[in-house]
Amino acid sequence: MTLFLQQIMNGLTLGSIYGLVALGLTLVYGILHIPNFAHGALYMVGAFMSYFFMVDLGVHYWIAMAGSAAVVAILAILCERLVFHPLRNSPPIHDKIAAIGVLLFLEAVVQMFWGADFRRMSSPFTGIMNFDGLIIPEQRLLIIASAFALVVALQLFLRKTMTGATIIAMAQNREGAFLVGIDSNRVAMMTFAISGGLAAVAATLYAPINLVYPAMGHLVIMKAFVIIILGGMGSVPGAIAGGMIIGFAEAFGGFYISSAYKDIIAFGLLVLILSLRPQGLFTKGAH
Amino acid sequence: MKPGAKLAMLAFALVFPFLASNEYQVYVMASAFVWAIAVYGLNIITGYCGQLNLAHGGFFAIGAYTLGLLTADAGWGFWPALLGALLMTAVLGFLVGIVSLRLKEHYFAIFTLCVGFIIYLLIDKWEELTHGAIGVRDIAAPYGFGLVDFTDTTPFYYLVLAFLVFAIWFMGRLSRSLLGRTFIAIRNGDELAQSLGINLMRNKLLAFVLSTTYAGLAGALYAGMVRIIGPEEANINHTFDMITYLLVGGIGTLTGPLLGTVGIVWITQSLQFLEEYRMIIFGPLLVLLVIFAPRGISGSFLSWMHHKAQSLAPGKKQAQSKVTAAKQAGEAENNA
Amino acid sequence: MLKVERLTKMFGGLAAVNDVSVEFETGKINAIIGPNGAGKSTFFNLISGLHQPTSGRILLDGVDVTHLPSDKVAMLGVGRTFQTTNLFEQATVLDNLIVGHRLRTRSGLWDVLINSKRLQREEKAARDKAQEALEFVELGHVAGQFIADITQEERKRVAFALALATDPKIVLLDEPAAGVNPEETASFARLMRKMVDKGLTVCLIEHKMDMIMNLADKIMVLDHGEKIAEGTPEEIRNNPVVIEAYLGGGEDAAA
Chain A
1 MTLFLQQIMN GLTLGSIYGL VALGLTLVYG ILHIPNFAHG ALYMVGAFMS
51 YFFMVDLGVH YWIAMAGSAA VVAILAILCE RLVFHPLRNS PPIHDKIAAI
101 GVLLFLEAVV QMFWGADFRR MSSPFTGIMN FDGLIIPEQR LLIIASAFAL
151 VVALQLFLRK TMTGATIIAM AQNREGAFLV GIDSNRVAMM TFAISGGLAA
201 VAATLYAPIN LVYPAMGHLV IMKAFVIIIL GGMGSVPGAI AGGMIIGFAE
251 AFGGFYISSA YKDIIAFGLL VLILSLRPQG LFTKGAH
Chain B
1 MKPGAKLAML AFALVFPFLA SNEYQVYVMA SAFVWAIAVY GLNIITGYCG
51 QLNLAHGGFF AIGAYTLGLL TADAGWGFWP ALLGALLMTA VLGFLVGIVS
101 LRLKEHYFAI FTLCVGFIIY LLIDKWEELT HGAIGVRDIA APYGFGLVDF
151 TDTTPFYYLV LAFLVFAIWF MGRLSRSLLG RTFIAIRNGD ELAQSLGINL
201 MRNKLLAFVL STTYAGLAGA LYAGMVRIIG PEEANINHTF DMITYLLVGG
251 IGTLTGPLLG TVGIVWITQS LQFLEEYRMI IFGPLLVLLV IFAPRGISGS
301 FLSWMHHKAQ SLAPGKKQAQ SKVTAAKQAG EAENNA
Chain C
1 MLKVERLTKM FGGLAAVNDV SVEFETGKIN AIIGPNGAGK STFFNLISGL
51 HQPTSGRILL DGVDVTHLPS DKVAMLGVGR TFQTTNLFEQ ATVLDNLIVG
101 HRLRTRSGLW DVLINSKRLQ REEKAARDKA QEALEFVELG HVAGQFIADI
151 TQEERKRVAF ALALATDPKI VLLDEPAAGV NPEETASFAR LMRKMVDKGL
201 TVCLIEHKMD MIMNLADKIM VLDHGEKIAE GTPEEIRNNP VVIEAYLGGG
251 EDAAA
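Chains as they are written, first to last, in my numbering: chain A, 1 to 287; chain B, 1 to 336; chain C, 1 to 255.
Since the hints were made in silico from the structure, they are not lab data. The hints are all genuine.
Under the rule of at most 30 Å between Cα atoms (straight-line distance), these lysine-lysine pairs were calculated in the DSSO-like manner:
(1) Lys6(B) - Lys124(C)
(2) Lys194(C) - Lys28(C)
(3) Lys169(C) - Lys198(C)
(4) Lys72(C) - Lys104(B)
(5) Lys3(C) - Lys28(C)
(6) Lys72(C) - Lys218(C)
(7) Lys3(C) - Lys169(C)
(8) Lys6(B) - Lys117(C)
(9) Lys262(A) - Lys125(B)
(10) Lys104(B) - Lys262(A)
(11) Lys218(C) - Lys198(C)
Quick caveat: nothing in here was measured; it's all calculated off a predicted structure.
Sequences and hints are given; from them, build the entire structure.
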């Protein structure tokens, strides 16, 4: 029984991370119709920035996370301005190729500074909580709690603030938003910044229970894409729900079926769903 | 491209082994040719049909592994195994195509990205079949029927060259044919193509299978050349490399894939000391190209040639028409 | 020759085309007019097979084509143009038109590989057809120019030629004269008369009233997806319901 509950914890943890990463991705895709293949690289840079702040500079975990989120947010804005903005009128294939270029570049730069080795990053939350036989490392609780808090904060931001409203307006009707004077450039930059920040936070949360290395974004980004196709492009609840589905599927599948092939689960799901419904599970506002 | 230029390139390729200073250079050129064959395949689905296939490297690996396993494990000869590899990649391409080609634009790219990864994962983990991380060794070299020893670099070079010439020849025929025009019509717009009576699924599937077969051929030749392969052959980086070669050379052109591949392989070789920083240069290069010169070397060259011809032609009432034509070209940017 | 019976298309809860029945006669110029958003392009999309109707029937020369996909409909003889046509900019005008005849050919991969007689024959036929279509729209002289270098008006005529190259029985023209000056509009009208003289049936969506009134044999008026009037230009001009729809809807009659 406790093993089962253990997997639930694992599922929640994984789901939280995937959800946060997918959240950033879905915002950018839903609002700007750009599949940002470089998102995984932003995630990876987030982890390395935190590592740099914590291990090389000796800063406290939370501050490192904040610093990392800021750096990646700026990086994301740069991507938007220098790469995606000039390509906004080009055929869609150019967006994708350019994103790949950014991805390759970021990975190479990180590798140049830190090498390709796996690194460990610790967090101040190394304690373990024991609920009557059910072992929950503090970090995992932190992940779940943080993800929850961030999603709530994001939803509040989008729905209760003016700036958030402009983002939603652009997502719903780009031309209409433009007509009422919403600055699409500002919205684009903000969206990218938020997506970058979320990725960095997710990476920093996950790094202590995982490893940090230049290629760490690959798997995560692919799963994030699966999630947003499952949950619906541009849908915040969809990203979280999708993240949880994949997280649980991997936790249970990995434990009860096969640990070696657990990564395939997400993709298997994608293949299955797209074979049956080429437009994705939810077509609300879809592209 | 003028026949004279083509013959010149062919002549150069034929005498290259004698011009090269050592065997290693011949080897490099041969591998560039192998990759070029794969990139020609990518050109069919991405250049002529407009769909970004991110699983292309995966099919290259399938070709390599099919040949490798058939010769090393099942004891087949090289040539039958090559046919096996072609068949395998064609069939798998067909299956993947049926599912993925119904997907629009972005979903297709994402889906193929995942397919490519699944291929890597399976090769890495399915140890009973693929030997997992150990890889496959003792792959047979092409059987020379007692006349030629293909374990030597130079004879292999000519073999690859022969396949490359065939691959390019076929692409040329394809692009000028009604079938090639059909592909281009699809790239210009699904709806327009349909209104011209073109069956989208059938044609996209054909283009896809052709492209995966090209990839499989390249992979099989690669396996026969290096004789030891591992799961790394299915790494997504190979797909990214090929996209770079194609973009630099010129998407949708006939000479683009060759120029891009050979050019970049040689530049990478000569700048070996920069090997670590390769992607630091390539990454931004890709971005800059896509923004400023999306038509690559060959494409830009063709445009320039054309404009030269136009300006030499008798003047027309171009003033107003140039403005509207430029606006049209701006909104209908369909030449990827 | 084209008979539409109670055609309806729902998008979610909204009826883009609502219970429209009409008959287009062979060899006539039929116009579809109506305020913006009346469902005219959707109507074309239903006929040419891009959308599947929610209910109703479409009969082409007695054959039920209601649920056929676009490519099959094109093969049965329905040609169409779009409001924006994406042509291959970096190829010549003639080059762009050759694919127009593709649907009448049967060559495939094998033919390409062995350069069969069939392929050679069909490619020549396609090229001839392209030339023929180009000359019909009076653009024979630009055959060798790149699309990027011809005028807006010439591009539209190339789009016509492309539809004509498919050997259609009926052509659906979606706002052929949009963005074109009065002289050019008149020359398009002449072109359409020419098509009809050759035996084609023409069906067009247009906003330019003077052109329609002088050109059309029959006009159908759509408003909010429904057919509100049908008849000769004279009848339509004096129809109070039509006048109301236009004045009420704020449509500009001389786009």
